[in-house]
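Q: The chain contents come next:
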Amino acid sequence: MNAESAAAALNLPPPPPKGGVYQTVVIVGKTAYVSGHGPYLGEAGYMSGKVGAELTLEEGQKAARQTGLSILSSLQAELGSLDRVKRVIKLLGMVNCPHDFTQHPQVINGCSELFAEVWGPENGVGARSAVGMGSLPGNIPVEIEGIFELAD
Amino acid sequence: MNAESAAAALNLPPPPPKGGVYQTVVIVGKTAYVSGHGPYLGEAGYMSGKVGAELTLEEGQKAARQTGLSILSSLQAELGSLDRVKRVIKLLGMVNCPHDFTQHPQVINGCSELFAEVWGPENGVGARSAVGMGSLPGNIPVEIEGIFELAD
Amino acid sequence: MNAESAAAALNLPPPPPKGGVYQTVVIVGKTAYVSGHGPYLGEAGYMSGKVGAELTLEEGQKAARQTGLSILSSLQAELGSLDRVKRVIKLLGMVNCPHDFTQHPQVINGCSELFAEVWGPENGVGARSAVGMGSLPGNIPVEIEGIFELAD
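Protein chains in written order, with the numbering used here: chain A, 14 to 165; chain B, 14 to 165; chain C, 14 to 165.
Don't take each hint at face value.
Since the list gives no way to pick one copy over another, a pair counts as held whenever it fits inside one copy or between any two copies.
Claimed, not checked - Derived lysine-lysine pairs resembling DSS-like cross-links, with alpha carbons at most 25 Å apart:
#1 K43 <-> K75
#2 K31 <-> K43
#3 K31 <-> K75
#4 K43 <-> K99
If you are wondering where the hints come from, they were derived from the structure by calculation, not from laboratory data.
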């Protein structure tokens, strides 16, 4: 199954509006750099709250998955088709959480597992860091940026 | 107007001294990787304080702009001319702020708007993440790292 | 002295097991993207604690060095030999510390000095950011991710 048909089964939000002076996706040669995304829901705006405080681990994982859906929506809008992505190179997964939170990888897995569904367990899974931020814009629970390799 | 003449109208600080074991700029092929910079003022050292606590949003934006000026100064010293930069690929904008701060994108816009002045609204504006750190070196309010594409 | 003989004098831990859905190293062309690593000790697990609270600056530097040893072990396992690395392009050094901590560069130097021992003071030292996180997975004191250029 290709990425577009995998994505068709998902409930992708519209591409998130820009919240500052940046470009959502920048393409240089065969590399796409994707700006930090949050868990955008469409008309309802963004999920918010700190994971491990207002949000449970499970809610944090859902927020990471929703963030991944937002990234897919932006990539689809930019590239025309998710099939143009050859592989995930790298993600930086940032969790908004209290200073004693320890389960950042489990949270960000919510996004990584989504990308594995879309591009497969090899190409959909790249290098990654999962870390804890003091705060995030608009108090979103998760922000994820990524680097993707494009097909020839 | 080219980047060098745009920069001539700015009050660039001297290139900041290194504060650790790293290189300020590393060039690989047509890509320049720029180390995390802070708001360096020259002889007066660095601006300091947390945005949303000791510093207002407006002061944070000024700190982000000053950080951008420091990056320009380092790039100019390394490349000889800012005209050698083809475009901004990506910025990671890190704000030192309390855990309830929410306006990170507005802060980092201070740097992004500067780069748009220098390289234009298309090439000067790249992908970006704007996030909140628990702390930064020397209690600087902002640290920004970047990736730039060089002209042929 | 080449990198492998330099590394032979070090006490490398085994490559750390994966703690989530990611690949430890992703290679695209001549570039290796290395996932965030922590101070892995082998059977004893990971060092833990916040630098500037449970851990002193010196212990934080040791944790950064141990994190560097973990990265070397992962690179060796992935590439077969550390001699295949041409240079360090960039590190993102993340310190788990209280909000008033200021000596992040000194902490991350523990890793940067190690890489300078292995690949030399020019190729072993890349661009870098050193910043303070609100929290890190499993309360590890340091997490470092990196981008490396591979030899032809």
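Q: Does the structure break any of the earlier hints, and which numbers would those be?
A: 1
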